[in-house]
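Enquirer: Listed here are the chains, written in short residue letters.
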Amino acid sequence: MTMTRNSTSVELRNLRRTFGSVVALDNLNLTLNPGELIALLGPSGCGKTTALRLLAGLDQPDSGEIVVGGKDITHVPASKRNMGMVFQSYSLFPNLTAAQNVAFGLRVRRVGRVERLKRAAELLELVGLGEQRDRYPHAMSGGQQQRVALARAIAIQPDVLLLDEPLSALDAMVRSQLRDEIRRLQIEVGITTLFVTHDQEEAMAIADRVGVMRSGNLEQLDAPPSLYARPATPFVASFVGTNNNLPTIVEAGGIVQVLGRNLGIAAGSDELPVGATANALLRPESVSVARADSATAGLRGTVSTTSFLGSTTRLVLKLDAGQDVLVDLPSTVAREFAAGDEVIACATTNEVVIQHQERVVIEDV
Amino acid sequence: MAAVVKQRRKYHITAWVIVFLVFLYFILPIAGAAQFSLRERDDTYGLDAYRMIFQTPELAEVLKLTLRLTLISVALSMAIMVPTVTLVHLSAKKYRRLVEFVSIQPLVIPPVVLVLGVVNVMPTNWMGSPDLLAFEYAVLAMPFTFRALDAGLTNLDIKTIVDAARGLGASWFTVLLRIVAPNLKSGIFGAAFLTIALVLGEFTMASLMLWNTFPTWIATVGQSDASLSVALSVASLAFAWVLLVLLSFADRRRKA
Amino acid sequence: MRKFRDVVGLFPFFAYTAVFFGAPTVMVIVKAFQDQNGHWTLANVVESVQDVYFDSFVESLKLAFASAASGTIIGFAGAYALLATGNAWLRKITQTAAGVFANTGGIPLAFMFIAALGTYGLVTQMLLKLGIDIYAGSWTLFGFSGLLIVYLYFQIPLMIIVILPALEAQRKEWREAATNLGATTRQYWLHVGGPILFAPVAGAFLLLFANAFAAYATARALTSGTIPLVPLQIGSLLSGNVIADRANLGFALGFGMIVIVAIAMYVYNATQKRAAKWLQ
Numbered sequence: 001m002t003m004t005r006n007s008t009s010v011e012l013r014n015l016r017r018t019f020g021s022v023v024a025l026d027n028l029n030l031t032l033n034p035g036e037l038i039a040l041l042g043p044s045g046c047g048k049t050t051a052l053r054l055l056a057g058l059d060q061p062d063s064g065e066i067v068v069g070g071k072d073i074t075h076v077p078a079s080k081r082n083m084g085m086v087f088q089s090y091s092l093f094p095n096l097t098a099a100q101n102v103a104f105g106l107r108v109r110r111v112g113r114v115e116r117l118k119r120a121a122e123l124l125e126l127v128g129l130g131e132q133r134d135r136y137p138h139a140m141s142g143g144q145q146q147r148v149a150l151a152r153a154i155a156i157q158p159d160v161l162l163l164d165e166p167l168s169a170l171d172a173m174v175r176s177q178l179r180d181e182i183r184r185l186q187i188e189v190g191i192t193t194l195f196v197t198h199d200q201e202e203a204m205a206i207a208d209r210v211g212v213m214r215s216g217n218l219e220q221l222d223a224p225p226s227l228y229a230r231p232a233t234p235f236v237a238s239f240v241g242t243n244n245n246l247p248t249i250v251e252a253g254g255i256v257q258v259l260g261r262n263l264g265i266a267a268g269s270d271e272l273p274v275g276a277t278a279n280a281l282l283r284p285e286s287v288s289v290a291r292a293d294s295a296t297a298g299l300r301g302t303v304s305t306t307s308f309l310g311s312t313t314r315l316v317l318k319l320d321a322g323q324d325v326l327v328d329l330p331s332t333v334a335r336e337f338a339a340g341d342e343v344i345a346c347a348t349t350n351e352v353v354i355q356h357q358e359r360v361v362i363e364d365v
Numbered sequence: 001m002a003a004v005v006k007q008r009r010k011y012h013i014t015a016w017v018i019v020f021l022v023f024l025y026f027i028l029p030i031a032g033a034a035q036f037s038l039r040e041r042d043d044t045y046g047l048d049a050y051r052m053i054f055q056t057p058e059l060a061e062v063l064k065l066t067l068r069l070t071l072i073s074v075a076l077s078m079a080i081m082v083p084t085v086t087l088v089h090l091s092a093k094k095y096r097r098l099v100e101f102v103s104i105q106p107l108v109i110p111p112v113v114l115v116l117g118v119v120n121v122m123p124t125n126w127m128g129s130p131d132l133l134a135f136e137y138a139v140l141a142m143p144f145t146f147r148a149l150d151a152g153l154t155n156l157d158i159k160t161i162v163d164a165a166r167g168l169g170a171s172w173f174t175v176l177l178r179i180v181a182p183n184l185k186s187g188i189f190g191a192a193f194l195t196i197a198l199v200l201g202e203f204t205m206a207s208l209m210l211w212n213t214f215p216t217w218i219a220t221v222g223q224s225d226a227s228l229s230v231a232l233s234v235a236s237l238a239f240a241w242v243l244l245v246l247l248s249f250a251d252r253r254r255k256a
Numbered sequence: 001m002r003k004f005r006d007v008v009g010l011f012p013f014f015a016y017t018a019v020f021f022g023a024p025t026v027m028v029i030v031k032a033f034q035d036q037n038g039h040w041t042l043a044n045v046v047e048s049v050q051d052v053y054f055d056s057f058v059e060s061l062k063l064a065f066a067s068a069a070s071g072t073i074i075g076f077a078g079a080y081a082l083l084a085t086g087n088a089w090l091r092k093i094t095q096t097a098a099g100v101f102a103n104t105g106g107i108p109l110a111f112m113f114i115a116a117l118g119t120y121g122l123v124t125q126m127l128l129k130l131g132i133d134i135y136a137g138s139w140t141l142f143g144f145s146g147l148l149i150v151y152l153y154f155q156i157p158l159m160i161i162v163i164l165p166a167l168e169a170q171r172k173e174w175r176e177a178a179t180n181l182g183a184t185t186r187q188y189w190l191h192v193g194g195p196i197l198f199a200p201v202a203g204a205f206l207l208l209f210a211n212a213f214a215a216y217a218t219a220r221a222l223t224s225g226t227i228p229l230v231p232l233q234i235g236s237l238l239s240g241n242v243i244a245d246r247a248n249l250g251f252a253l254g255f256g257m258i259v260i261v262a263i264a265m266y267v268y269n270a271t272q273k274r275a276a277k278w279l280q
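Chains as they are written, first to last, in the numbering used here: chain A, 1 to 365; chain B, 1 to 256; chain C, 1 to 280.
These are calculated hints, taken from the structure and not from any lab test.
Watch out, some of these pointers could steer you wrong.
Said to hold, decoys possible - Some residues of chain C that are not near chain A, with every Cβ distance over 10 Å (derived): (1) L181; (2) A183; (3) V192; (4) Y266.
As the list claims (entries may be wrong) - Straight-line distance between alpha carbons at most 30 Å, and here's what the computed DSSO-like set of lysine-lysine pairs gives: (5) C/K92 <-> B/K185; (6) C/K172 <-> C/K3; (7) C/K3 <-> B/K94; (8) B/K93 <-> C/K277; (9) B/K10 <-> C/K92; (10) B/K94 <-> C/K277.
Unchecked claim - Residues of chain B clear of chain C, computed beta-carbon distances all greater than 12 Å: (11) V17; (12) I18; (13) N125; (14) P130; (15) D163; (16) G169; (17) R178; (18) P182; (19) A235.
All of these numbers come straight from a predicted model, not from anything done at the bench.
Cβ coordinates follow ideal geometry from the N, Cα and C atoms, glycine included.
Pulled out of the complex, with its shape left as it was, chain A reads as follows (with noise of 0.2 Å):
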């Protein structure tokens, strides 16, 4: 059962919305292209499930439009705006069936029985439920409570599909699993959608680009790779992946010393003078380490720990300067070194991102 339709593009325009004295949303401006999946993503209080909400219809802008379709949908009832929504927990309507929980929004638009049913049955196979059809929530795990839901939201052929954080109430496992089923299935029925999560993980994995938010405001919106690779605000770059921060000083050219190594300046800040100070953002697999007694550049140091994480280790180094460096190496190289070992530390890329401290001295060195 094919469900490919003309997907629908989304446009959040100047949304603001405060609670009380606290502001939830600052003139939020957020495009979805048509089949995209977008996540917002961010620490809890930063405002994407409040965007989320305001989208679905279920609160109300103080000033702002939703369009969607090209069509102004601000004041349009949240009844009314084809969307589909996966809740976080506790969605389904314990006194229904599996099926006729996915048929709820068939029967709510006066689709017949047979009709629905077998619409629901349809879909329930499409995630993997087709099994359970009579079954109720309360027989059900987590993971396939989730699945129902998803299955009862796209049931209606929404133009646009919004989870709440659909995944964090689940097992790892479950939520790995479920994570790649909605994409496939968003994929393959190209509905436009926004997905909120506090999980860096999680979004950078599915979706086609990332919006990271902090009190209200949208830091960056970018593809996983740049997020990854340039974090636009110190804020972005600590949410997304882990760093080191190494403490550096801008030289002419520039040029940053980290670990031994002259780096290039990536990006990151604006133009900073010679001798400002800054951090440099080094990416734990962006570390090499050899043994002390072996003649490379970098810095000395001692491991301090090895936590073994499968198909790759990760060490902590204490470099005799004091420093704490974190180094991701595949498990058959970091086999050799164990704690106490004493090693050297060298950056392997060309190029760093640098931040600015959180003070700002600039001395002349």
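Using the hints provided, position chains B and C relative to the given structure of chain A.
Expert: Okay, now just chains B and C, sitting in the frame of chain A:
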């Protein structure tokens, strides 16, 4: 947007109106009783009726009996139910459903019917003592005491805690004293208060077994002195209030 | 060994219950089917549903049903409105107040209502000032409708106590999901909200029914025999109004009461189990 806000306001106002009307229904009889009891002979208002309470000789006897019954009922109730409920949570788990079932049966037998049975089955020397009432009160309270204690122990997952304690080497005695009892305090408080409220208001069995407890005495007084009777009713209502407020306080403090 | 210890530990409970609850109950049920010579007979039971006793059952059932129905409706409205205000302090106070009021009855309650709605009652006077004379016709506080009004004083609180948890278990996600899928308020209540609340409300109704049916003290305080009610009949038979060769009639009446209350309570229990399953 304005339309949504207005609709929400209307909904809100309706809610408060309903709450107010219900409140009115409950407060007016109390107001009426208060007004009646404060009215004195010469049509002025005063605390005469309430003063009378303390000047009535039978009051002491009656209160003594009710107090005695209350203490015995609570003691009996706790003595029987606390070990029993603890046991079904700790080691006799498969009997829990049975004990629960038996505990709630008193809800199925109206007190007026129970007293009918009691009067006809109890030996005469038992019938001669008012303490029999206390034994029956403990029965009437059983559904509530079981539930209060059961809920208290369930929330605690007492089995795990006891296992942990035993694993650390505590003896059964220590376990019961230092682990089960303190955690059960909230449940015991609740159960005790409910029993007390029951005893203070129980009329049916006491009157049909011809004992002069506080509730039955209020009724007798009512036949001769309405003011006094109403004053007593208001006083006992106020007392019940205080009791339950204390209960909710004790409960809240435990939770903190 | 452990099993033995368990049984011994539970013995006091079962023994106590058997003596002070089981024995009287069994006595009532057995004697209902015996005449005063101890011979088995159905005469008592038959008599207990005839003539004035039949009227008693009818009146008792009518009163129980009416006060349960009105208590359910008003209590539900009150609980729903309470939650709709969103005021947490009010919610807390209501919890305590309901506990007190659910236990009021008998003479204190009767006198309170006489003081409010009696011929010289507070409310009566207030209404007179507004030009309404509730005693203009033949209405009396001591009749069926009066009892009904007074019974609500403990029925409404009982309803509130029982239904508040069920109402609070309603998740706002259900409502939002329904709205999002296109349902109107009416459709939500018809397909989701209503069905979910049906079991708790039906159960509460049964609880109120049993409660009103079994009430003795309040009925006695207010009516003193003017309205035939089964508990009052039993009471008067106990108080010495014994009819010569129908000594065991009281037991038959008691048996009848047990049957009715038992049915109500067991159905109540069943509805609660079902509701609990859904609302996990």
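Enquirer: Give a verdict on every hint.
Expert: How the hints compare with the structure:
| no. | hint | result |
| --- | --- | --- |
| 1 | L181 | violated (4 Å) |
| 2 | A183 | violated (5 Å) |
| 3 | V192 | violated (5 Å) |
| 4 | Y266 | holds (23 Å) |
| 5 | C/K92 <-> B/K185 | holds (21 Å) |
| 6 | C/K172 <-> C/K3 | violated (47 Å) |
| 7 | C/K3 <-> B/K94 | holds (11 Å) |
| 8 | B/K93 <-> C/K277 | holds (21 Å) |
| 9 | B/K10 <-> C/K92 | holds (24 Å) |
| 10 | B/K94 <-> C/K277 | holds (21 Å) |
| 11 | V17 | violated (8 Å) |
| 12 | I18 | violated (4 Å) |
| 13 | N125 | holds (15 Å) |
| 14 | P130 | holds (15 Å) |
| 15 | D163 | holds (15 Å) |
| 16 | G169 | holds (20 Å) |
| 17 | R178 | holds (20 Å) |
| 18 | P182 | holds (21 Å) |
| 19 | A235 | violated (10 Å) |
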